[in-house]
Amino acid sequence: DQQVKQNSPSLSVQEGRISILNCDYTNSMFDYFLWYKKYPAEGPTFLISISSIKDKNEDGRFTVFLNKSAKHLSLHIVPSQPGDSAVYFCAAKEYGNKLVFGAGTILRVKS
Amino acid sequence: NAGVTQTPKFQVLKTGQSMTLQCAQDMNHEYMSWYRQDPGMGLRLIHYSVGAGITDQGEVPNGYNVSRSTTEDFPLRLLSAAPSQTSVYFCASSSFRLAGGGGKNIQYFGAGTRLSVL
Numbered sequence: 001d002q003q004v005k006q007n008s009p010s011l012s013v014q015e016g017r018i019s020i021l022n023c024d025y026t027n028s029m030f031d032y033f034l035w036y037k038k039y040p041a042e043g044p045t046f047l048i049s050i051s052s053i054k055d056k057n058e059d060g061r062f063t064v065f066l067n068k069s070a071k072h073l074s075l076h077i078v079p080s081q082p083g084d085s086a087v088y089f090c091a092a093k094e095y096g097n098k099l100v101f102g103a104g105t106i107l108r109v110k111s
Numbered sequence: 001n002a003g004v005t006q007t008p009k010f011q012v013l014k015t016g017q018s019m020t021l022q023c024a025q026d027m028n029h030e031y032m033s034w035y036r037q038d039p040g041m042g043l044r045l046i047h048y049s050v051g052a053g054i055t056d057q058g059e060v061p062n063g064y065n066v067s068r069s070t071t072e073d074f075p076l077r078l079l080s081a082a083p084s085q086t087s088v089y090f091c092a093s094s095s096f097r098l099a100g101g102g103g104k105n106i107q108y109f110g111a112g113t114r115l116s117v118l
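Listed in order, the protein sequences are those of chains F and Z.
Positions 1 to 111 (the numbering used here) are the ones given, in order, by the first sequence.
Positions 1 to 118 (the numbering used here) are the ones given, in order, by the second sequence.
It is possible that some hints are incorrect.
Distance condition first, Cα-Cα at most 30 Å in a straight line; then the derived DSS-like pairs of lysine-lysine [claimed, not checked]:
hint, chain 1, residue 1, chain 2, residue 2
1, F, Lys110, F, Lys37
2, F, Lys110, F, Lys56
3, Z, Lys9, F, Lys5
4, F, Lys110, F, Lys5
5, F, Lys56, F, Lys37
6, Z, Lys9, F, Lys98
7, Z, Lys9, F, Lys54
8, F, Lys5, F, Lys71
9, F, Lys98, F, Lys56
By construction, these hints were calculated from the structure, which means they are not laboratory data.
It should be emphasised that the depicted structure is a prediction, and the values quoted were computed from it without experimental measurement.
Using the sequences and the accompanying hints, generate a full structural model.
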C-alpha cells in the first residue's frame, strides 16, 4: 500500500494564477516532508521542505502547508509561471535518510 | 562542482545480459541510494548505503546488487536483466552532517539512466 499518495496525476493552471498540489500520507512516523520538481530527461531537484513540527514553510513563490491531523500537505505556487511546468513529487522521510515518494503530479502552466 | 554523475544515460540490453550502472558523487556525502521510476509509481528505492562498506535493501531490491567500496561510488549491478527491469534509474546522495535537529534529508539526484530490456 502506498504510504505517500498524490491523487491528482495532472493539473493545468493559467499563468499568473495559483497552483495547488496535494499530497496525503499514512505513516505518522514521517518526520520531514519534501517537494521535488522534475523536468523531462533530468533528475529530480529539491524544491522546498517542511519539518513535521511546523505547519508552513515559505520560499519565494513556493509555500508548503502541513496538516498533521489530516496527514496532508500541499504545495502552493503563486504566481504560476510557464517555467513551473514539470512533474512534482511529494516525498516523506522515515528512519535514517530514507525517502518515500508519491507518484507525482504533472503541472502544466498555460501562457 | 559535478554533483551526482550517472553513466550511461541510455542502455539497451537483451534478456539475461548483465550490466553495471555507474554512480559517482563529489560532495563527500555519506548516504547514497538508487531508485527506479516507472509510470504511475513515482520513485521506488532499490538499495541504499549509509557509508563505505555498508549497504541495505530498499523497497524493490530483487534482481539488483550494490556495493560501496568508496564514499564516492555506488554502482548498481543487474546480474541477469529481465524486461521488468525496463525503467529509468536515478542515483542520489545526501549528507548526514547537513541534517539539522529536525532530521532534514535533501537528496541530490543524478540525471538518470534510461534502461530498456528486450
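Each hint, compared with the structure:
| no. | hint | verdict |
| --- | --- | --- |
| 1 | F:Lys110 with F:Lys37 | holds (18 Å) |
| 2 | F:Lys110 with F:Lys56 | holds (27 Å) |
| 3 | Z:Lys9 with F:Lys5 | holds (29 Å) |
| 4 | F:Lys110 with F:Lys5 | holds (25 Å) |
| 5 | F:Lys56 with F:Lys37 | holds (19 Å) |
| 6 | Z:Lys9 with F:Lys98 | holds (25 Å) |
| 7 | Z:Lys9 with F:Lys54 | violated (39 Å) |
| 8 | F:Lys5 with F:Lys71 | holds (11 Å) |
| 9 | F:Lys98 with F:Lys56 | holds (22 Å) |
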